[in-house]
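Chains as they are written, first to last, in this note's numbering: chain A, 11 to 263; chain B, 15 to 234.
Where hints are given, some of them may not hold.
Here are the simulated DSBU-like cross-link-like pairs (lysine-lysine), alpha carbons at most 30 Å apart as the crow flies [as the list claims (entries may be wrong)]:
#, chain 1, residue 1, chain 2, residue 2
1, B, Lys124, A, Lys17
2, B, Lys137, A, Lys102
3, A, Lys17, A, Lys85
To give an idea of the interface, some chain B residues facing chain A are shown, with a C-beta separation under 10 Å as derived from the structure [stated by the list, open to error]:
#, residue
4, Glu125
5, His131
6, Val144
7, Pro147
8, Val150
9, Asn152
10, Ala155
11, Ala224
12, Trp225
13, Glu230
It should be emphasised that the hints constitute simulated quantities derived from the structure, not laboratory data.
Note that the coordinates shown come from a computational prediction; the quantities given were computed from them, not determined experimentally.
In this text, a Cβ means the ideal position worked out from N, Cα and C, and glycines have one as well.
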Amino acid sequence: MAELWVKDAEKWFRREDGRPFKIIDRLSFEAREGCVTVLIGPSGCGKSTLLNSMVGLENLDRGELIFISRGKPEKRPLIGYVFQSPRLLPWKTIGENISLALQGADVPRRQWESRVTHYLNLVGLEEYVNQFPLYLSGGQRQRVGLARALAIESDIVLMDEPFASVDELTARQLRQTTRRLCEQLHRTVVFVTHNLAEAAYMGDYVVTLTQRPARLDAYVPNPLPSPHHWGADIYKFAAELENKVTLKEDIES
Amino acid sequence: MNTLHEAVRLVSDGTFFFHMFQSLRRVFVGAVIAMFFSIGVGIYMGTVAMGERFFQPLVVLGLTIPGLMWALIAVMLFGINEFSPYFAVTVTIFPMLVINIWAGVKSLDKELIDMSHVFHFTKWMKISQVILPQLVPNIFAATRYGLGLAWKVVVVVEMFGTSNGVGYQVMKSYQVFNMEGVIAWTITFVIAMIVIEYGLINFAERRLTAWRPRVEVWRR
C-alpha cells in the first residue's frame, strides 16, 4: 500500500509573450493510503498539471511529491493513470492495449492473459478483448482505460476528470463501477474533477482548490459511510462542499 | 498484334521474369536502404530542433535534383556494376521519404506518447508500438511515390550501366529498332507494376490499417 504527500508544490508556466505566471502556489495535502482523495477546483486552476507532475510529465518548480510505498519513500513509483480521454492505441486490440501496460510494468508475460481477462471482467468488457478501440463507444473505451490503470496493480492510481467526456447516464454508471472497484481493491486514488456531486460520491476526502494559482482551500473528510450510494446524501454533502469552496466560478453544482 | 505476340513470347519463355526480377531486386534493395536511413533521419528531424535545422536544406536540395540525373551520375561515378542502381534509387527516393516521415513525426499524437511515458514503456516499445504505427500512412504515401520514381531511375541506369534488367532489354530492342520489343517490354512492365501496387502494397496497407473503420463519406 502507498500514500502520497504533496508538499509546498509550486509550478510556473510562461505565456506566449514570455511572461511567467504561477499555476500552483504552495499547495500541500496528503492522499491517504487506500482512500480516494478528490481534487476539486475551477477549470484551468492546475489540477491536471499537478497530476502530470506526479507521473513525471511535468516538473514542479518548487516543493516536492513524496511517494511512500510500504513504509519506504519511492522516487518514481509505478502509477496507474485514467486520462480524460482514454488514450488507447487504436491499432492495438483492447487486450493488447492492456498487455502493453503490463509489459511496461514488468509483469511476467505468463500473467498477462489472466490479468487482462480479470480486469476486463471487472469493468464488464471481457467479450471485447479482441476488438479494436475505434469499434467501442466512448463509455466503453473509458472503462478500458480504467481496466488498464487498475491491471498494472500499482499502489497509486490517478484519475483526471475521467468521466468528463461521456454523457451523464454513462458517467453515473462509470462512477459506480469505479467507486466499487476503489472500495474493493483498496488502491490510493487521486481523482480530479470539477463536478461537486461527483466529488461527494467518489471521495473519501475532498481537497478543494482556489482559482489559479491553485492553493489549498479546504480539506474535507467525507462523512458518508462506505459504500457510497448515489442519492440525497450525496447532494447534501455536495452542497456542504459548495459552501466551503471560496471561488465558485466554473465549479459544476 | 506483333507486339502482343512479342509480349506473350517474353512471358512464356521466361525472359521477362528473369529481367523483371533483376529490376525488382535493384528497386527493392535501394528502397530498403533509403527507408532504413529515412526513418532514422525523419524521426530525428521531427524530434530534435538541431536535426531539423541541419537536414532541412539538404532534403530540399535533394528534392530538387531529378532522379534521372542521379541515374547518370551513378553510372559515371561507379561504372557498370550493381552499386550504381542501388545508389541511384536510394538517393532519389530518400528525400521524399524523409520529408513524409518528418511531417508524420511532427503530427504525432502527443497524448499517446505521454500515455506511453506514464505506463513506463521502454524506448523500443515507444518507437515500435506508439510512433511507427502512427507513421504507417506517411510511409505508404512516400513508398508509393518513391517507388514510381525508383522504377524510372532503375530503368535508366539499366539502359546505360547493366547487362540485364528491363531497362537493358528496352535499350537492346531500341538499338535494333525493334518497336514491338520496346512496346512489349513497356506493357509487361506496366502490368507488373499494377500487380505490385494492387496486389502487394494495397494488401500490406489493408493489413496494417485493419484497425481503422472504413470511412464512408458519401452515403445513399
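Among the hints numbered above, which are violated by the structure, and what are their numbers in rising order? 9, 10 and 13
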